[in-house]
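Trainee: Now for the letters of each chain:
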Amino acid sequence: DAGVIQSPRHEVTEMGQEVTLRCKPISGHNSLFWYRQTMMRGLELLIYFNNNVPIDDSGMPEDRFSAKMPNASFSTLKIQPSEPRDSAVYFCASRPGSTDTQYFGPGTRLTVL
Amino acid sequence: QKEVEQNSGPLSVPEGAIASLNCTYSDRVSQSFFWYRQYSGKSPELIMSIYSNGDKEDGRFTAQLNKASQYVSLLIRDSQPSDSATYLCAVKSQAGTALIFGKGTTLSVSS
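Chains as they are written, first to last, in this note's numbering: chain A, 1 to 113; chain B, 1 to 111.
Don't read these hints as lab results, they were simulated from the structure.
For each residue, glycine too, the CB sits at the ideal point set by N, CA and C.
Hints are supplied without guarantee of correctness; some may be wrong.
As the list claims (entries may be wrong) - Distance ranges between label pairs, derived from CB positions:
{"no.": "1", "chain 1": "A", "residue 1": "12", "chain 2": "B", "residue 2": "66", "range": "40 to 48 angstroms"}
{"no.": "2", "chain 1": "B", "residue 1": "68", "chain 2": "A", "residue 2": "14", "range": "47 to 55 angstroms"}
{"no.": "3", "chain 1": "B", "residue 1": "67", "chain 2": "A", "residue 2": "40", "range": "25 to 33 angstroms"}
{"no.": "4", "chain 1": "B", "residue 1": "45", "chain 2": "A", "residue 2": "41", "range": "17 to 25 angstroms"}
{"no.": "5", "chain 1": "B", "residue 1": "78", "chain 2": "A", "residue 2": "99", "range": "44 to 52 angstroms"}
Using the sequences provided together with the hints, build the complete structure.
Mentor: Below, the structure written as structure tokens:
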């Protein structure tokens, strides 16, 4: 079975541009998580969904960030407008309802110039 | 604020030695505890989970949990150069909530 799929794997953009990161969770998993990882702050939870509904978005840094999960097999994280401090690796993870184990995608490395 | 603390390292051990990685957490009602390994440039992968006080062994890895002291550890026996990575401790407090991660400990195993 395929793991969590993220696209793009690398994104380089200029400050002020809109960035959209995409995630396809593992089939059958009902929870989806967006994390951001930097050297300074480590792996931070941004938002998570349960059965496509946002449960906790307290980690979303500010209004420039938004996330959606229109169906069980797709989620997006959008940054508009992007800033250099948004440069990080963004991970998507999913979890089945039967366990606490989260499975991570390969990540998207975002660089904002 | 719920926190998970780890020594950032680097922890350096020779090949064949035991590596000991430690983690403390602030939320007393935490229920589930995990160790993830992350190679440079890769995503975190689960290596151990533990839910009850005591030890849990899986091959060369042993996770230890002490809820009274709010302390979790990971022992790696017969360390190999391929174990060189960053080890992330993660904690889940209540049913349905996400994992909170420590910043990780970097382990270097020299041959």
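Trainee: When the hints from earlier in the document are held up against this structure, which numbers fail?
Mentor: Hint check: 5 fails alone, others pass.
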